[in-house]
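**Student:** Take a look at the letters that make up each chain.
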Amino acid sequence: MKTFKTLLFVGLAGLSSFASAKTIEMDVNGLVCAFCAQGITKTMNGFPASDGVFVSLEHRIVAVHLKDGQDIADPTLRKAITDAGYKLVAIRRTDESLAQVKARVGKEKALPEVKHAHPAGHEGMADMPGMKHGG
Amino acid sequence: MKTPFALGAFALVAVACVAWTPDATAKPIAFAKGKTVMAEFGGDTMNEFQAFYAPTYWSSVGVGWTQLTSDVDGARTDYVYLRGNLLAHRWNLPGAQANVFVWGGLGNATSDDFAGSELSREAGVQFDYETRRVYASFKSDLQESAHSSHRIDTLQLGWAPYAHDYDTLATWIVVQGRTYTGDIYKGTEGALLLRLFKGGTWVEVGATTDRKLQAMVMFNF
Chain A
1 MKTFKTLLFV GLAGLSSFAS AKTIEMDVNG LVCAFCAQGI TKTMNGFPAS DGVFVSLEHR
61 IVAVHLKDGQ DIADPTLRKA ITDAGYKLVA IRRTDESLAQ VKARVGKEKA LPEVKHAHPA
121 GHEGMADMPG MKHGG
Chain B
1 MKTPFALGAF ALVAVACVAW TPDATAKPIA FAKGKTVMAE FGGDTMNEFQ AFYAPTYWSS
61 VGVGWTQLTS DVDGARTDYV YLRGNLLAHR WNLPGAQANV FVWGGLGNAT SDDFAGSELS
121 REAGVQFDYE TRRVYASFKS DLQESAHSSH RIDTLQLGWA PYAHDYDTLA TWIVVQGRTY
181 TGDIYKGTEG ALLLRLFKGG TWVEVGATTD RKLQAMVMFN F
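Line by line, the protein sequences are chains A and B.
So for the first sequence, the numbering used here puts the first residue at 1; every next one is plus one.
So for the second sequence, the numbering used here puts the first residue at 1; every next one is plus one.
The hints are simulated quantities; they were obtained by calculation from the structure and are not laboratory data.
Don't take every hint at face value.
Stated by the list, open to error - With a cut-off of at most 20 Å between alpha-carbon atoms, the simulated EDC-like pairs for lysine to aspartate or glutamate come out as follows:
1) A/Lys107 x B/Asp165
2) A/Lys42 x B/Asp167
3) A/Lys107 x A/Asp95
4) A/Lys87 x A/Glu58
5) B/Lys186 x B/Asp112
6) B/Lys33 x A/Asp83
7) A/Lys87 x B/Asp128
8) A/Lys109 x B/Asp165
9) B/Lys186 x B/Asp73
10) B/Lys212 x B/Asp73
11) A/Lys42 x B/Glu40
12) A/Lys42 x A/Asp83
13) B/Lys198 x B/Glu40
14) A/Lys87 x B/Asp165
15) B/Lys139 x B/Asp153
16) A/Lys67 x A/Asp95
17) A/Lys102 x B/Asp167
18) A/Lys42 x A/Asp71
19) B/Lys186 x B/Asp141
20) B/Lys212 x B/Asp44
21) A/Lys109 x B/Asp167
22) A/Lys102 x B/Asp165
23) A/Lys107 x B/Asp167
24) B/Lys186 x B/Asp71
25) B/Lys198 x A/Glu58
26) B/Lys186 x B/Asp44
27) B/Lys186 x B/Asp113
28) A/Lys102 x A/Glu58
29) A/Lys87 x A/Asp74
Claimed, not checked - Just some of the chain A residues that point at chain B, by a computed CB distance under 8 Å:
30) Cys33
31) Arg60
32) Leu66
Given the structure is predicted, the values throughout are model-derived calculations rather than measurements.
Note that beta-carbon positions come from the ideal geometry of N, C-alpha and C, so glycine has one too.
Let's have the full structure, built from the sequences with the hints guiding it.
**Tutor:** As structure tokens, then:
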């Protein structure tokens, strides 16, 4: 019984943090031009759960703001990015708004032009407040 | 006009494109479910118009018109064609992308060099590599019919003075070298171009080494 309660608590806690995620942030390889961003924006805006998309070529991220209480599953995101012709490197969920994501990445230093060690260069971001890894 | 079929088809395509709702790219495939419309005026030797629809990120189909005017004897050849493009391979790197495209098509050729019109075929390949600051591409395009054969090889090297983002204007300085077979141009035709794009709109303008205008517009939507 104690184990069941613990599992239930952990499950509900996980569910509540998942449901509260406002924005999905993805590290994507191959984003180098406005046309790339245009295609991905079009794809992401096609999801009913999507409430806005932000693409930063400089930081190689695609951020999708979610409608209240909605989400897009990781495999669906992975398929969407792959079918758009790009490589999904990582997925994170944050309770930041799209404007907050824009403001945050705007303050970050641009990623180097071609970096091969950690593709997306967001190693430390999972430790930031509000960031949850999913991919 | 000497090539009513070509011009008629060109007009038809232009009307179709306007009806489609506007946008286009230098790659034959822009993005999945995307449309590309491109028109190029190349130094009095080559004029080109193409419109493609991409059902997937690795394929597109469409129509095109290429007009070649010989710098040697002034003879003009027009190719109007249906074409399919494939992305043979793509490398998605952190901060860079490289692609190999191939294409082929069938169409109709008319020319000052022969009477009437002939079935034409087209085949081509493009290699490109780009980051947000440098760009290199090589394209080879062969068009031929029973009495004509033209291959156009184009090498472009580009440099961006600053790295653009999605919502900012991209500016590129591009150096181009182009060779033609089939007595279109002797030697290599060089050009210096200024390329600007933002969102789905691309404008390129410059001059060839013969001081002739080269310009291109492209829309992706």
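**Student:** Next pair to validate is B/Lys198 with A/Glu58; report whether the Cα-Cα distance is within 20 Å.
**Tutor:** Holds: B/Lys198 and A/Glu58 sit about 15 Å apart, inside 20 Å.
**Student:** For the pair supplied as a hint, A/Lys42 and A/Asp83, confirm whether the alpha-carbon distance does not exceed 20 Å.
**Tutor:** holds (12 Å)
**Student:** For the pair supplied as a hint, B/Lys33 and A/Asp83, is the alpha-carbon distance within the 20 Å limit?
**Tutor:** Given that 20 Å is the threshold and the Cα spacing comes to 11 Å, the pair holds.
**Student:** Should the interface hint for A/Cys33 be scored as holding, given a Cβ-Cβ cut-off of 8 Å against chain B?
**Tutor:** holds (7 Å)
**Student:** Please work out if B/Lys186 and B/Asp71 have their alpha carbons no farther apart than 20 Å.
**Tutor:** holds (8 Å)
**Student:** For A/Lys107 and B/Asp165, compute the direct alpha-carbon distance and say whether it is at most 20 Å.
**Tutor:** The given pair, whose Cα atoms are some 15 Å apart, holds under the 20 Å limit.
**Student:** Taking 20 Å as the top limit, are the C-alpha atoms of B/Lys186 and B/Asp141 close enough?
**Tutor:** Roughly 17 Å between the alpha carbons, so the hint for B/Lys186 and B/Asp141 holds.
**Student:** Against the 20 Å threshold, does the CA-CA distance of A/Lys42 and A/Asp71 hold or violate the hint?
**Tutor:** Status holds; Cα separation ~18 Å.
**Student:** Going straight from one Cα to the other, do B/Lys186 and B/Asp112 come out at no more than 20 Å?
**Tutor:** holds (19 Å)
**Student:** Are the Cα atoms of B/Lys139 and B/Asp153 separated by 20 Å or less?
**Tutor:** With Cα atoms ~6 Å apart, B/Lys139 and B/Asp153 stay inside 20 Å; holds.
**Student:** Verify the proposed pairing of A/Lys42 with B/Asp167, using a straight-line Cα cut of 20 Å.
**Tutor:** holds (15 Å)
**Student:** Can the restraint linking A/Lys102 and B/Asp167 be considered satisfied, given a maximum Cα separation of 20 Å?
**Tutor:** The given pair, whose Cα atoms are some 12 Å apart, holds under the 20 Å limit.
The structure fails to meet hints 11 and 32 from the earlier list, while all remaining hints are met.
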